[in-house]
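Q: Sequence:
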Amino acid sequence: MVRGYVALCIATLATFVRSGAAGILEWGRSNHIEVNIPWLPFENETRCYDELGCLNITRDWYHLIYRPFNVFPLARQVIDTRFILYTRKNPLQGQMLKVQSEKTIQKSNFDPKKPTKFIIHGFIDTPLSNWVKEMRRELLKHSDWNVIVVDWAGGSLPLYTQATANTRLVGLEIAYFINYLKDNVGLNPKHVHLIGHSLGAHTAGYAGERIEGLGRITGLDPAEPYFQGMPSHSRLDPSDAQLVDVIHTDGSSIFLLGYGMSEPCGHIDFYPNNGKEQPGCDLTETPLPLTLIKEGIEEASRVLVACNHVRAIKLFIESINSKCPYIAHKCNSYQNFLQGKCFSCKDNDGGCAIMGLNTVRPNNAPGSKYFISTGKDTPYCRRQYKVMLDLAKPPRAESWVQGFMKVSLHSDNGVIRNLDLTPNGYERMEHGTSRSFVVTHPDDIGQVKQVEFYWEYDMDVLQPRSICFFWCNDHLYVSSIGVTEADEDGNRGYDGHIHKS
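For the sequence shown, the residue numbers in mature numbering (1 follows the signal peptide of the UniProt record, and there is no 0) are -22 to -1, 1 to 479.
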């Protein structure tokens, strides 16, 4: 916990350093921190916020473990929620939109006939963050949309308990703003998409519950503390929009410094790399000084504090204009996914789905988990191959052997060499059975025409039966190999027979 506290201080310092930027955001306005007094579980109270509506704190907002304290949001003028519009006509210089000043909307480049994307930052974050800028650029590169950045930095910087309360008021502000655009300029909520990270994901949920017919909410690793394990009205849930899609990347317990939710909270929930430890987030893989040199203090502080937590942002941003489809598979566990037990993309059976911008609502009921493996660096998207081994059982073979396996895939367009089927250690292989493995690679080489298979026997001194002496046969006998690539339109595959083991 000491490491996490120090890292949090560094991240906060980096945020305050960034706040020196001037211009339209005038971000220096949060020059004090206020905290409301927590209300006890047996007290019920309601507070109203002018035209926005009212909020209450009742018994069902409390939980002894998950949400022991509740406070009301800070005053509207303290949080000071702002809406900044970017379009292809003004991709760099945002236009402030104010309901209180209708001229700001009339004179802006806002077009109610075009789809509208809202970007909502999270805890200890601001619209000046690099990821917010990058996301809005990629969205405008993709299509001529209205992209509106929600600035609630005045409410995201206080202590976490207070910041969680502030999200409820920011949700009211967003809902009122969208409903105003609907009633006064003809915006159709069906074409509105809220994209929120961490606390911003739950903020989007609070907004969605007050917008009739809201099209979509994308939750990027919704925050866990004060939300996981709580009733649906207190967090993001499928009722908040026509499509609620969620990407989980930091689902370890908060006690293990995991900041994101692990439980499903959308129509479709994606779990890259099991939704927990993300490849490349181990500081031994990417040393902090190297990140500092390459990407600056902001990104380095994020890697130190919350690399897994922000990976959801990076995956979504990459998906916006990527030619590589983020194909995820519905499965009851990540282990079963890696073993190729959930690899169907045929006939729209809901067995697979596209993660990211191009997600669509599945036919199955909410609560299903979709798994996908990604890389440790850009491009994060990987082509996924299922390798199926049919093991022979000739008289001379041992009943089982253990070892390491690799394959090389050949096609007319290229070769993928040495795909590791056993990255986590040796596998015990029983002759006369079939095994499957899912492996990934950034390249798409097209239809696989030939497979090379490599086997290396390994013994374990802790398992005497695995020790192979002179009279032992350490060969693995394979009768056939099949390779299937996950594809948007189904699966394309290769079946080969091995005549010599």
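Misleading hints may appear alongside valid ones.
Using 20 Å as the maximum straight-line C-alpha spacing, the simulated SDA-like pairs for lysine to any residue come out as follows [said to hold, decoys possible]: (1) Lys324 - Ser346; (2) Lys308 - Pro340; (3) Lys354 - Cys259; (4) Lys81 - Ile62; (5) Lys111 - Lys81; (6) Lys92 - Leu75.
Just so you know, the hints here were simulated from the structure itself, not pulled from any lab data. Quantities reported herein were computed from a predicted structural model and do not represent experimental measurements.
Q: So, for every hint listed, does it hold in this structure?
A: Against the structure, the hints come out as follows:
{"no.": "1", "hint": "Lys324 - Ser346", "in the structure": "18 Å, holds"}
{"no.": "2", "hint": "Lys308 - Pro340", "in the structure": "11 Å, holds"}
{"no.": "3", "hint": "Lys354 - Cys259", "in the structure": "8 Å, holds"}
{"no.": "4", "hint": "Lys81 - Ile62", "in the structure": "14 Å, holds"}
{"no.": "5", "hint": "Lys111 - Lys81", "in the structure": "26 Å, violated"}
{"no.": "6", "hint": "Lys92 - Leu75", "in the structure": "16 Å, holds"}
The structure fails hint 5 only (numbered hints given earlier).
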